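Protein chains: 2
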Amino acid sequence: MKLLHTADWHIGRTLNGYSLLKEQKYAFQQILKIALEEHVDGIVIAGDIYDRAVPNVDAVTALNEMFKEINIDNHLPIYAISGNHDGAKRLNYGRDWLAYTDFHLNTLVEEAFTPIETSEAQIFMLPYFDPMDVRAYYRQNGMSEEDAKSIHSITDAMNLVLKDIQAKFDPAKKHILITHFAVTPNKDTKLELTSETSSTVGGLATLTADQFKMFDYVMMGHIHTRFASPSETIRYSGSPVKFNVKEARLKNKGKGVDIVEISANKITHTFKEIKPQTDLIVLQEDWDTLIDPVFYKKQPLEKAWFAITVKNFDRSKHINVRAQLQQIYGTVVELDYENIYQDKQVETTKNISDLSPDATVDQFFHSITGNELSATQKQIVDKIFVDLGREK
Amino acid sequence: MKLLHTADWHIGRTLNGYSLLKEQKYAFQQILKIALEEHVDGIVIAGDIYDRAVPNVDAVTALNEMFKEINIDNHLPIYAISGNHDGAKRLNYGRDWLAYTDFHLNTLVEEAFTPIETSEAQIFMLPYFDPMDVRAYYRQNGMSEEDAKSIHSITDAMNLVLKDIQAKFDPAKKHILITHFAVTPNKDTKLELTSETSSTVGGLATLTADQFKMFDYVMMGHIHTRFASPSETIRYSGSPVKFNVKEARLKNKGKGVDIVEISANKITHTFKEIKPQTDLIVLQEDWDTLIDPVFYKKQPLEKAWFAITVKNFDRSKHINVRAQLQQIYGTVVELDYENIYQDKQVETTKNISDLSPDATVDQFFHSITGNELSATQKQIVDKIFVDLGREK
Numbered sequence: 031m032k033l034l035h036t037a038d039w040h041i042g043r044t045l046n047g048y049s050l051l052k053e054q055k056y057a058f059q060q061i062l063k064i065a066l067e068e069h070v071d072g073i074v075i076a077g078d079i080y081d082r083a084v085p086n087v088d089a090v091t092a093l094n095e096m097f098k099e100i101n102i103d104n105h106l107p108i109y110a111i112s113g114n115h116d117g118a119k120r121l122n123y124g125r126d127w128l129a130y131t132d133f134h135l136n137t138l139v140e141e142a143f144t145p146i147e148t149s150e151a152q153i154f155m156l157p158y159f160d161p162m163d164v165r166a167y168y169r170q171n172g173m174s175e176e177d178a179k180s181i182h183s184i185t186d187a188m189n190l191v192l193k194d195i196q197a198k199f200d201p202a203k204k205h206i207l208i209t210h211f212a213v214t215p216n217k218d219t220k221l222e223l224t225s226e227t228s229s230t231v232g233g234l235a236t237l238t239a240d241q242f243k244m245f246d247y248v249m250m251g252h253i254h255t256r257f258a259s260p261s262e263t264i265r266y267s268g269s270p271v272k273f274n275v276k277e278a279r280l281k282n283k284g285k286g287v288d289i290v291e292i293s294a295n296k297i298t299h300t301f302k303e304i305k306p307q308t309d310l311i312v313l314q315e316d317w318d319t320l321i322d323p324v325f326y327k328k329q330p331l332e333k334a335w336f337a338i339t340v341k342n343f344d345r346s347k348h349i350n351v352r353a354q355l356q357q358i359y360g361t362v363v364e365l366d367y368e369n370i371y372q373d374k375q376v377e378t379t380k381n382i383s384d385l386s387p388d389a390t391v392d393q394f395f396h397s398i399t400g401n402e403l404s405a406t407q408k409q410i411v412d413k414i415f416v417d418l419g420r421e422k
Numbered sequence: 031m032k033l034l035h036t037a038d039w040h041i042g043r044t045l046n047g048y049s050l051l052k053e054q055k056y057a058f059q060q061i062l063k064i065a066l067e068e069h070v071d072g073i074v075i076a077g078d079i080y081d082r083a084v085p086n087v088d089a090v091t092a093l094n095e096m097f098k099e100i101n102i103d104n105h106l107p108i109y110a111i112s113g114n115h116d117g118a119k120r121l122n123y124g125r126d127w128l129a130y131t132d133f134h135l136n137t138l139v140e141e142a143f144t145p146i147e148t149s150e151a152q153i154f155m156l157p158y159f160d161p162m163d164v165r166a167y168y169r170q171n172g173m174s175e176e177d178a179k180s181i182h183s184i185t186d187a188m189n190l191v192l193k194d195i196q197a198k199f200d201p202a203k204k205h206i207l208i209t210h211f212a213v214t215p216n217k218d219t220k221l222e223l224t225s226e227t228s229s230t231v232g233g234l235a236t237l238t239a240d241q242f243k244m245f246d247y248v249m250m251g252h253i254h255t256r257f258a259s260p261s262e263t264i265r266y267s268g269s270p271v272k273f274n275v276k277e278a279r280l281k282n283k284g285k286g287v288d289i290v291e292i293s294a295n296k297i298t299h300t301f302k303e304i305k306p307q308t309d310l311i312v313l314q315e316d317w318d319t320l321i322d323p324v325f326y327k328k329q330p331l332e333k334a335w336f337a338i339t340v341k342n343f344d345r346s347k348h349i350n351v352r353a354q355l356q357q358i359y360g361t362v363v364e365l366d367y368e369n370i371y372q373d374k375q376v377e378t379t380k381n382i383s384d385l386s387p388d389a390t391v392d393q394f395f396h397s398i399t400g401n402e403l404s405a406t407q408k409q410i411v412d413k414i415f416v417d418l419g420r421e422k
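Going down the list, the sequences are from chains A and B. Residues in the first sequence are numbered consecutively from 31, following the working numbering. Residues in the second sequence are numbered consecutively from 31, following the working numbering.
Source of the hints: derived by calculation from the structure; they are not laboratory data. Honestly, I wouldn't trust all of these hints.
As the list claims (entries may be wrong) - One side only, chain B facing chain A, incomplete, derived with CB under 10 Å:
(1) A83
(2) V84
(3) V90
(4) T91
(5) L93
(6) N94
(7) F97
(8) N101
(9) G117
(10) R120
(11) N122
(12) G124
(13) R125
(14) L128
(15) A129
To be verified - From the derived model, a few chain B residues whose C-beta atoms are all more than 12 Å from chain A:
(16) G47
(17) K52
(18) L62
(19) F143
(20) T148
(21) E262
(22) E277
(23) I289
(24) A294
(25) I297
(26) F301
(27) Q314
(28) Q393
(29) N401
(30) A405
If you're wondering where the values come from, they're calculated on a predicted model, not measured in any experiment. We put the CB at the ideal spot given by N, CA and C, even for glycine.
Chain A extracted, bound-state conformation:
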């Protein structure tokens, strides 16, 4: 059995106000081409299909068209789950009709316990959930209120769900999981985990690889780079498109999909690259360099999007900086200045979904007051989030 593993399409997303839909459609066509060339038995989309719970109508229309091309026009099965960005109940609409053409869609916890059975594997599809969803599910299925209340963290909830999934294992088959969470190799990971409640990546508490050891292979979404995969068998495919400037700055930044081959003996994954139509290029140069034809004529002008930091810049001496740069470079999606008088780059707002709750408060406080939180204030914020975690 051969599956194409992709995730985090985030249809409907914008980059600083610029629609990414054209870029996403271009990436989609490559995904479909790879799927057909590789003769895969299905396409796995591991969550964050849409960028938001209520996507705009262009996003809805575009996604419908993509699903149709895969599943109806090319008769390829789809294995899709919802991520934290999707509206689980809203995305669930039509699920029973999709199943008629082997379009398997899970958006609710209760749907995860019935695997898709193939001759060699059981494919369990576990959508993103909040510990509250898991509590509600077990309450509805006979758990006492006291026991349900003991489900505090995402780790508690996941262990419970995975135990019940494991109870459905057919020992004669491989066990595959599709899910959407932040999973790190172990507790002492580079992602700077300090305590369970504040350990977050992409806004979600993280889980560790050992929790998933009962599976032969795990296909995940949530983290947008495949280089964050916690092990050889617990994998992120990464998003097919670069979504922000931070990603464009990364050293390991190639986008693509995995082809996963499942046989009785082994499971292998092979990366297939997806090329951008409009690349996102980061420039950090002095003003004189940026407006020098010798420099800018080497750039893929009008064919890429540019994120520009003007170095050693005295802004008071220039007007219409953005307009001048756009005239040369075309689309400038982000423009920063490194002031000549301050040896510190002007900080741009970070994507909130990439921040932990306490870092979000830090940033909010800074952007409103211009000051940093004091040590005492930080302690108060920390305590509030710990208490909030407990209430769950």
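Following the hints, position chain B against chain A.
Just chain B, lined up with the frame of chain A:
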């Protein structure tokens, strides 16, 4: 062939802030029961399925469940179109999968020209459209820009569309149309049509019955009462639920569905009643009567919703009027006063979707200023709407 004709479900609608979803689900169960008892070959839903283009998640979940009960659990075909309240493109999501189980859904003009073929009939499904949609469709299909621009009114657009539908007629079969517009018996109708641009019912320009004479039978949505049906063969089923107090005040107000029997010789329709779970009762009484146990104990207290007008009322002599009435009657969805000092009922805001554009302006002006538009002002408003119509 036997079809159940319903329309205007408006899932997600509220009555002065009170959700109608429970009532709509109750009506739905009766519709399904009638369909099964009558052994119909399908259920026609003639538009305004949702109440708004972006329905809330409860509405989406409820509608999905209803569709599932009809089409998947009971294997009954569905013939559904979008109305002016539905978001045509958004509702289109999943259409190709629905078709596999004979769930026929049209939301775009271009989908209307391919009928559903049965052994005895051709069923054309024409969703609500704006003249602009029709212009765009014909432009994309080779019409010159000049000709497309000559499509001004809804009448122009409809005549063009119906001509092309008629070109698909199989003379050996009956020709059925499902659509969603305001259609009156003729130009001199009681609906007070003055000119083509200002003739509106339910916010839409009206069409006349003679435009549809090529069809053997027309099943319509848009007008919420079946008593507005323009002829014996051009029918409104009405909505299954009362949506406002005005409807509760109507003399002819029974809600239900039509069972339409189509044979080679004739087409008949039979009305089947739907009962409310929580009725909407209109009371217009003096205060002393309203709070008199002899009077109110005759009312279906706590089992109905009440719209109450307190007659001959001196509001300055009473406090907590709403609270007192709610304690007696339960849910009071609307409360008006007929002041003892003014021999005129305090006017409540009319549902904007029931008003023509100029009446909407009238009402807005009145509610802001307390005055009526002068004759000159009315002329200006009228001219603006005529000009707007021309621009299309």
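Hint check results:
| no. | hint | verdict |
| --- | --- | --- |
| 1 | A83 | 8 Å, holds |
| 2 | V84 | 6 Å, holds |
| 3 | V90 | 5 Å, holds |
| 4 | T91 | 5 Å, holds |
| 5 | L93 | 8 Å, holds |
| 6 | N94 | 5 Å, holds |
| 7 | F97 | 8 Å, holds |
| 8 | N101 | 8 Å, holds |
| 9 | G117 | 7 Å, holds |
| 10 | R120 | 5 Å, holds |
| 11 | N122 | 7 Å, holds |
| 12 | G124 | 4 Å, holds |
| 13 | R125 | 8 Å, holds |
| 14 | L128 | 5 Å, holds |
| 15 | A129 | 9 Å, holds |
| 16 | G47 | 21 Å, holds |
| 17 | K52 | 18 Å, holds |
| 18 | L62 | 16 Å, holds |
| 19 | F143 | 20 Å, holds |
| 20 | T148 | 21 Å, holds |
| 21 | E262 | 36 Å, holds |
| 22 | E277 | 29 Å, holds |
| 23 | I289 | 26 Å, holds |
| 24 | A294 | 33 Å, holds |
| 25 | I297 | 30 Å, holds |
| 26 | F301 | 31 Å, holds |
| 27 | Q314 | 42 Å, holds |
| 28 | Q393 | 30 Å, holds |
| 29 | N401 | 40 Å, holds |
| 30 | A405 | 42 Å, holds |
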